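Please model the entire structure based on the sequences and the hints provided.
Here's the letter readout for the chains.
Protein chains: 2
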Amino acid sequence: MFENKDNSKTSISQLGEFGLIDHLTKHFTIEQETTIKGIGDDAAVLNYSENQNVVISTDLLVEGVHFDLSYMPLKHLGYKAVMVNLSDIYAMNANATQITVSLAVSNRFPVEALEELYAGITLASKKYNIDVVGGDTTSSTSGLIISVTAIGTVNSIDVVYRNGAKENDLIVVTGDVGAAYLGLQVLEREKEVFKVNPKSQPDLEPYTYLVERQLKPEARKDIPNLLAELDVKPTSMIDVSDGLSSEIIHICKQSDVGCNLYEDKIPLDPQVMATCEEFELDSTTVALSGGEDYELLFTIQTEDFLKIKANPHLTVIGHITDKKEGMHLITRANTKIPLIARGWNSLSEE
Amino acid sequence: MFENKDNSKTSISQLGEFGLIDHLTKHFTIEQETTIKGIGDDAAVLNYSENQNVVISTDLLVEGVHFDLSYMPLKHLGYKAVMVNLSDIYAMNANATQITVSLAVSNRFPVEALEELYAGITLASKKYNIDVVGGDTTSSTSGLIISVTAIGTVNSIDVVYRNGAKENDLIVVTGDVGAAYLGLQVLEREKEVFKVNPKSQPDLEPYTYLVERQLKPEARKDIPNLLAELDVKPTSMIDVSDGLSSEIIHICKQSDVGCNLYEDKIPLDPQVMATCEEFELDSTTVALSGGEDYELLFTIQTEDFLKIKANPHLTVIGHITDKKEGMHLITRANTKIPLIARGWNSLSEE
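Protein chains in written order, with the UniProt record's numbering: chain A, 1 to 350; chain B, 1 to 350.
Keep in mind the hints are simulated off the structure, nothing from the lab.
The reader is advised that the hints may include incorrect statements.
The list makes no distinction among identical chains, and a pair is therefore deemed to hold if it is satisfied within one copy or across any two copies.
[Unchecked claim] Using 16 Å as the maximum straight-line C-alpha spacing, the simulated EDC-like pairs for lysine to aspartate or glutamate come out as follows: (1) Lys216 <-> Glu33; (2) Lys126 <-> Glu31; (3) Lys166 <-> Asp256; (4) Lys253 <-> Glu167; (5) Lys127 <-> Glu218; (6) Lys216 <-> Glu116.
All of these numbers come straight from a predicted model, not from anything done at the bench.
Right, here's the structure in full:
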């Protein structure tokens, strides 16, 4: 009935993920006085008391799209499903407090498999000090689907949106980027080797950091606290889920500004550099478009530079420009390349 | 890898939906001081300000399990997905204020189909005065999955849980029950007829109420307001999603009480009675086990009876007893039958 054989119809892949969300949600208006920020940031911001906001974010993880159970242990999957959502809360400069977890599972999963999944969820909730307060469990006609909603709180004056970046602000990223994507490449390669020779024992030793970043990412709970300690309020912030390039474009578009990103400043782990060489991949492309890093990307006023300068968690990778100047990567050879969002797009043509 | 061929493993259907949720969530503890109520009620209850609570509830709807697109128009599906969640908020005696909507869709859906779905979501949000504040859209390897999270507010002293029913309290249900289940039977029959003869035009005229209750249910937004006007605070409340029998059992178990339900008091629409006769179904079984009514079931102190007595929306269908007396249906013939939860179970063996 809804097969897309009619050429007059628009296929989802013509719009892409962000285009589709924009298209479908552009008519939603804000009517409730408790709604401070609706669709369009890492989380919605609600206000029910004078000085404190509630932030809420939700994500769906779909088997075969976001994860492959042939190399993703269920315990890790449960852990990662929580991280993906907490990361959105921290990107609002907020503290995560609760989550709900809904599952759709087919009968091919025994209860013991779901116990593993929940063990990962429990581990994440204990480590990040959040309560699991609700959810829904239902059957699925095919794969496993996990829907997590995360809730957090932030003082009204501390909340940080994507749209506050101003010309001359510095662009800062936490940790390093590109490793999770390479971890996926390593695991995909091992899966192919295993198909040919099921007795082969993979040697993942040179890739431990990459595989860990893919299978057991950690959300940056520490960063809102660190920023408070350093007395720095970012002018904008977003989490790095789709790739550095895609995220800086979100900030620039929503803030109505441009940017220059410096290739030689992008923080890369030595394993990322070594593995890029082995896989014959360009490390900058991996860093910009890899995604799933769950680091935070933010902008600060130049006068805050001295406060963050010495911090090993934080790297200045560029600065905000006037919108007219566009969004560019300045390469090591000092050429300017326009940034494009090649973020991992789960809605591209199958 | 996780195929359930090992007999030492427990299949999900051995536990059933409620058993599975209990089993998986029993280890979750409450650590956050902002968490008032976690898993186990219609919604979680959070507190971020002195006198007001935030309630939050989430539901997954899965194609082929919860809906069949061959007779469920997408606009109705969008509307219903919102109602299912708002109903949980009203069951806490709260006012719904926001929702988030996440979708997993396969490429077989053209954008126009998703526009229809969103038209239903928009209609519901305008009619019920809630804001759509977030969500996620991703691809699915097979069917359509909709995950809605609803948020509401309630004065701390007005929140109603499932566990407050006391001996001698009266059991009250809003509206009437059983119609949505019969609507589904009518639609399933028409689908079979259509398969045999695609030119047949169904005459749904005698079933309009039933079909509307199935395809376009309305959550009881009016009831928390009505209860406030009548100056009645229920001692316990739940929404009727799985069937009257299943819901009263939830209330009794969580309140540690028993109950007597009177067969002749259960409110049935004339179309329910006529169609049960036509389909040779027992109307009491349909009313008790049908589900998807999205009415509210609650208990009140006997001294509040006069306040609700004259109200056409409310019907007293029984009373709470001591736990030792068990949970029973008192039939028209004045025999006592133990109540069993035969609620619609989406996790039974496929």
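Tested hints:
no.	hint	verdict
1	Lys216 <-> Glu33	neither (39 Å within a copy, 28 Å between copies)
2	Lys126 <-> Glu31	between (36 Å within a copy, 9 Å between copies)
3	Lys166 <-> Asp256	within (8 Å within a copy, 59 Å between copies)
4	Lys253 <-> Glu167	within (13 Å within a copy, 61 Å between copies)
5	Lys127 <-> Glu218	within (10 Å within a copy, 41 Å between copies)
6	Lys216 <-> Glu116	within (14 Å within a copy, 38 Å between copies)
Comparing the model with each earlier hint shows a violation of hint 1 alone; every other hint is respected.
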